[in-house]
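Using the hints provided, position chain B relative to the given structure of chain A.
Number of protein chains: 2
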Amino acid sequence: MYKKILNSKNKFLLIIGMMILSQSIIQAATPATWIWYPGDYEIWLGNKMNNRRTERGAFFPPFWKMDSHYIVVEFSKELDLDKPEEVEINVEGVFNIKLNGKLQFGMPDKFLLPAGKHQLNIKVWNQSTPPAIFVRGETLKSDDTWRVTYEDKEWIDESGKASDTSATTYYRVGSGGFNSINELPSEYRLAVTPQDVQNRDFVNSGELLDFGKETIGFLQFNNLKGSGDINIYYGESREEALDTEFCETLDKFYVDKDNFLDKSLGHTYKLTDTFTLENSKAFRYVYITKDEGVDYTDVSMLYEYRPEVHRGSFKSSDEELNKIWDVSAYTMHLTTREFFIDGIKRDRWVWSGDAYQSYLMNYYSFFDSQTVKNTIWLLGGKDPITSHINTIMDYTFYWFLSIYDYYLFSGDTHFISQIYPRMQSMMEYVLGRTNDNGMVEGLAGDWVFVDWADGYMDKQGELSFEQILFCRSLETMALCAELTNNNEDKAKYNKLAGDLREKLIPAFWDEDQHALVHNRLKNVQQPEITRYSNMFAVLFDYLTHNQKQSVKSSVLLNDSIMKITTPYMRFYELEALCELGEYDLVMSEMKDYWGGMIKEGATSFWEKYNPEDRGIEHLTMYGRPYGKSLCHSWGASPIYLLGKYYLGIKPVKAGYSEFSITPDLGGLEWMEGSVPTPNGDIKISMDQKSIKVKATEGEGYLYFSSKIAPKTTKGKIEKLEGNDYRLWIKENDEVVVSYKF
Amino acid sequence: MYKKILNSKNKFLLIIGMMILSQSIIQAATPATWIWYPGDYEIWLGNKMNNRRTERGAFFPPFWKMDSHYIVVEFSKELDLDKPEEVEINVEGVFNIKLNGKLQFGMPDKFLLPAGKHQLNIKVWNQSTPPAIFVRGETLKSDDTWRVTYEDKEWIDESGKASDTSATTYYRVGSGGFNSINELPSEYRLAVTPQDVQNRDFVNSGELLDFGKETIGFLQFNNLKGSGDINIYYGESREEALDTEFCETLDKFYVDKDNFLDKSLGHTYKLTDTFTLENSKAFRYVYITKDEGVDYTDVSMLYEYRPEVHRGSFKSSDEELNKIWDVSAYTMHLTTREFFIDGIKRDRWVWSGDAYQSYLMNYYSFFDSQTVKNTIWLLGGKDPITSHINTIMDYTFYWFLSIYDYYLFSGDTHFISQIYPRMQSMMEYVLGRTNDNGMVEGLAGDWVFVDWADGYMDKQGELSFEQILFCRSLETMALCAELTNNNEDKAKYNKLAGDLREKLIPAFWDEDQHALVHNRLKNVQQPEITRYSNMFAVLFDYLTHNQKQSVKSSVLLNDSIMKITTPYMRFYELEALCELGEYDLVMSEMKDYWGGMIKEGATSFWEKYNPEDRGIEHLTMYGRPYGKSLCHSWGASPIYLLGKYYLGIKPVKAGYSEFSITPDLGGLEWMEGSVPTPNGDIKISMDQKSIKVKATEGEGYLYFSSKIAPKTTKGKIEKLEGNDYRLWIKENDEVVVSYKF
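Chains as they are written, first to last, in the working numbering: chain A, 1 to 741; chain B, 1 to 741.
One chain only, chain A, in its complex shape:
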């Protein structure tokens, strides 16, 4: 609560607060927290996440390099104490304490610091989990003012004189909101809550359970007893659960009176009255077969989730759209775990391109910055960089973009300064793989992904799509270099971005087809046009006004151009159409496409949806009958589109210190909703006669059109061109505008 006050823009409250709060309460305001080497905990936790995937009882880890934490690190803090102070210490690992360079006995859980100026160092070794410490005294506490190094480069000469350690690079520590001394970061678990079966049915020789909707968690057996095999087949669809030969995930156990043997993991457990399985699985349906000698009374589950507050909201006159928003939000919640993952059934991996969309949706729903940072740290990995992120070229570029986005939405410059060295390494890797044109092409080991497409897509040579993402990445490097006051890098990356930007459109623009071609081979434009680069060129404002209009008609609204059949690329396609003002069209497309999935029975949104598919065709992918994920984070994009383009709210300056609101009903009778900001929210409701707005953080313009002279309850409306108006909204002012469109 105090943190909120301190971060708020309300100077008056802040000053009052400062006057009445004692020093110790101020200290409590920014609590002691577990600290670690920046990124190390996130990478370690991410490995646990990414290694949870199984496929039909086989362990299925990712195919890219998995990094690890530094196993020995040294934390350091300069102290200046008025009086001696006893601190409590908790450490994950074996550790020592050095006071002014002198080693102290043992590994105490309490330590008395003398008054005066001191350097306190705590050095920790932990192979299995990231070295982490928690320190709390009356004034001293572990927080992000501490520094940390993985190589202290300290040596002593024969006379016992310590070396100059100025060559050691210390970094500001990482932390993640673990604010209690006994809340060990390595023991972090998602929350669970009981959830019941909606329907039990007997099919052939087994039992089919229906939990009513897509879910994820741990099955629980009540009163399991006897001896024999018990097999569990999970399905996102009824068909999948019943198809014991081809369902994507399963469990096989052997029950032996008191014991329960997991035949896949080889683990044995003692049976209990309510017995919970070790691994969480995603499903709506569960099909259970068993030997006669085994029995149980019933099966329930523990739903496993990351506690989130749905800070963003949307409601409108259109019930189908409201349902789309709800299913999107549920899809988003299911895939928001320790990290933003792709989908809950199959990969459960952290994919950069998928995560990039989750971040954006998150800013319009949970505004869970911790999970954004976790995911960015994990994806960034550690030196040496030996491949693209997830091996995918495009996914490396989305990673760069995501970092500046995070800054724009959160205003968190500290994170930028922490991640920037990894950005440098990553960009050095990319720059080491450019061709003579300074462009990127798929080299050995690079996966040029773009999208899952139903037709052929050429991945050879210079793809316009990849160059556009690369150019934006270079621009992002320059922006982040500026934020970290690195002028040398800023100049370097501005130059690189400028050079590429200059040749980008000339290289790919086809005057005859009025669009960017898909690729060049040996400097020669190929004739194929795809939507991808054209969409992104609109989004990044790389085209002239006329080029954009050409793209709209010759590509985006042209049915002869290969259709997009993933919600993933529909995200950008519809966003580009919004940027081009096609609100009504996008609204109808959204209702068709996402509404289409709901009509097919979706309780969460899918990895891929081709409206032309029929029946079980909707379940297949990757050559497998149930290969498709029916709960995929990139399916949730209506959250983002509705928040950013219909509620119309977005940050103009970092952390919403300035925002803009450009609401559009898109044909609806009315809508209302809320968009979270770092420490507040912006609420809007609108019908065909009035707009009501209130922001509890930041200030900015409300833009709208009106055929009559509009009125406001607060402030002064400015007239712009034609029927356009704007009104400056101040923090905490509730403003009602009367208008007519």
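Hint data in this document are derived by calculation from the structure and do not stem from the laboratory. A portion of the hints provided could be inaccurate.
Each pair may be met inside one copy or between any two copies, as identical chains are not told apart.
Said to hold, decoys possible - Under the rule of at most 20 Å between Cα atoms (straight-line distance), these lysine to any residue pairs were calculated in the SDA-like manner:
1. Lys382 with Ser68
2. Lys716 with Pro663
3. Lys110 with Gly266
4. Lys252 with Pro108
5. Lys98 with Tyr622
6. Lys161 with Thr620
7. Lys110 with Leu265
8. Lys263 with Pro108
9. Lys503 with Lys563
10. Lys290 with Asp256
11. Lys740 with Thr713
12. Lys98 with Lys252
13. Lys98 with Glu245
14. Lys459 with Val735
15. Lys490 with Ser706
16. Lys161 with Trp452
17. Lys252 with Phe111
18. Lys382 with Tyr429
19. Lys48 with Ser68
Here is chain B on its own, set in the frame of chain A:
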């Protein structure tokens, strides 16, 4: 045994063996072994070793970056089976099995492979210990023909088609002689054997135990009972053990009837009748104080050691010299642990400069190639290289030298090919830090060590010593590039070495002082002369004949040049004098210096010995009264000097396929000894009339001088210049030469 036969040069036996042995017995000859990512197990084990250091109850890890194993790796093997074959599998970690790319259920301990050609992959995740596998069937076994990768870069397209994985870099696996399915590499422990107290004495309020000589192991208390504190102070000397305030290592415990609390680690144990402490310590003396409420009957210990065969031997007419050899061998054995460490009491760290000497001594004692390879892998670390090895510039260079040495002594080209990529990374790091002259200078974070010296030594600018080691390192890169058939690198490093070699002597040779100066500052020779670079220039044959003779008189035999007071640099000093033919002088120096330590009561050789010190002055170092290690591997160099220069045996071609023997009595009446070769040994005995030689592996020349015409029992003696002769010794021939000098 079969292995020995297969490796031996005895073709006849081999052919007979091939004729009579069945296929399956041949398979057994090269056994199934645990395999891992090359270097990963060694680095992991090394972290355990390096983190065992304590200082007065405080955990004391190294101050350089500690690397870690890849936590997920995939092992791969191409199969071609005549018939189906069941294999046993054991894995350290969570794993999956893929047969021709298809995932198999679970983590079985037995697996049936179908007949025919297949690709078998086993992918393993293990955060805590290195992923490792053991596979054994009738024909298939895990061995060093398997390959491994940490990033398989395998992906599938939407249709389920697997990507081309040719971009994935597979390496040949590492292994280390763990040949039993249940002998988990992560559970490796040194051997232990009981050792008794030699003397119990009561001093003040405590008990002083004397184990009779320097030793290392785990104290054991018999019938420990009661309640109260018990404190243990360890000493390599009586003085140290009794000095409870300043002894270097100690243990503090609290006994509470059934429980035993380690106050340093915070661990609690259940007491047993014979209670063994958790951590091994080095000592000769142990001083124990305790509260009255605690009691025990007596204390013994478990001596902890790496089982080694003393394959090298030396005996002579000089009893003092024999004692020096024995104490050297004991010192060497104490410091040969999972790795070659510096000393057993204090650091217990793996230091590259110290290890470099241990390798050389090892070739003349245990010929324990496993420990050489372990140590080289550990010191090489992993990318990215962020500092010199152990932070010390010279220590990086010794590492390069050690690799070619290992090849020369062992003939193990496989190891060279495995370590070569790390050599490239390490040399890139060095080359990234050279100055405009292509020379190395200490930069921020570099420790320019050279030696512990009793006088001032300038570490600024270009040290001649460092350039000589650097030049030799570049030459070593070229040699190893050649061994790995990397012609591009060979040319590159030959060029770099040649350029540096050409400017080396002109840069540092002072015509007036007839020696290499210690350093240059801004291209200007400084006047100081030290022994270091002059010794190494002799050893590496970088000087003309005349320059060498100058160096001998103006430096090596010149008492006004700062004396060397560590056995570490005396190693090279005496070796250089041997290279210059001063056998009698070196023999007398050896007896004075090492004999001097024995006269001071040494039961193992010391880190530093200045004959001018008196009494407890011998114990001090690093500004601490007992800072000096009294059992330091670099103290054992007589093993090397006696084996290489007096027995006179060394390899001429890799792995002793050709050797040379140039024995020299150095004033002794007689001597006899043995030097190990990879799979055999070379025995020699010599007095003033005859030389007897037999080599069970390899062949080569015996060189000797004689004032009379010598005779031989086998072969034909060639006359060389003056009184010099040589005789070709064939494998397994016992040859006696009569001569007179």
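Each hint tested on the structure:
no.	hint	verdict
1	Lys382 with Ser68	both (8 Å within a copy, 12 Å between copies)
2	Lys716 with Pro663	within (18 Å within a copy, 105 Å between copies)
3	Lys110 with Gly266	between (42 Å within a copy, 12 Å between copies)
4	Lys252 with Pro108	between (46 Å within a copy, 13 Å between copies)
5	Lys98 with Tyr622	between (56 Å within a copy, 18 Å between copies)
6	Lys161 with Thr620	between (69 Å within a copy, 14 Å between copies)
7	Lys110 with Leu265	between (41 Å within a copy, 14 Å between copies)
8	Lys263 with Pro108	between (43 Å within a copy, 9 Å between copies)
9	Lys503 with Lys563	neither (28 Å within a copy, 68 Å between copies)
10	Lys290 with Asp256	within (13 Å within a copy, 52 Å between copies)
11	Lys740 with Thr713	within (16 Å within a copy, 120 Å between copies)
12	Lys98 with Lys252	between (52 Å within a copy, 19 Å between copies)
13	Lys98 with Glu245	between (60 Å within a copy, 18 Å between copies)
14	Lys459 with Val735	neither (51 Å within a copy, 72 Å between copies)
15	Lys490 with Ser706	neither (43 Å within a copy, 77 Å between copies)
16	Lys161 with Trp452	between (63 Å within a copy, 13 Å between copies)
17	Lys252 with Phe111	between (51 Å within a copy, 18 Å between copies)
18	Lys382 with Tyr429	both (12 Å within a copy, 18 Å between copies)
19	Lys48 with Ser68	both (11 Å within a copy, 17 Å between copies)
The earlier numbered hints that this structure contradicts are 9, 14 and 15.
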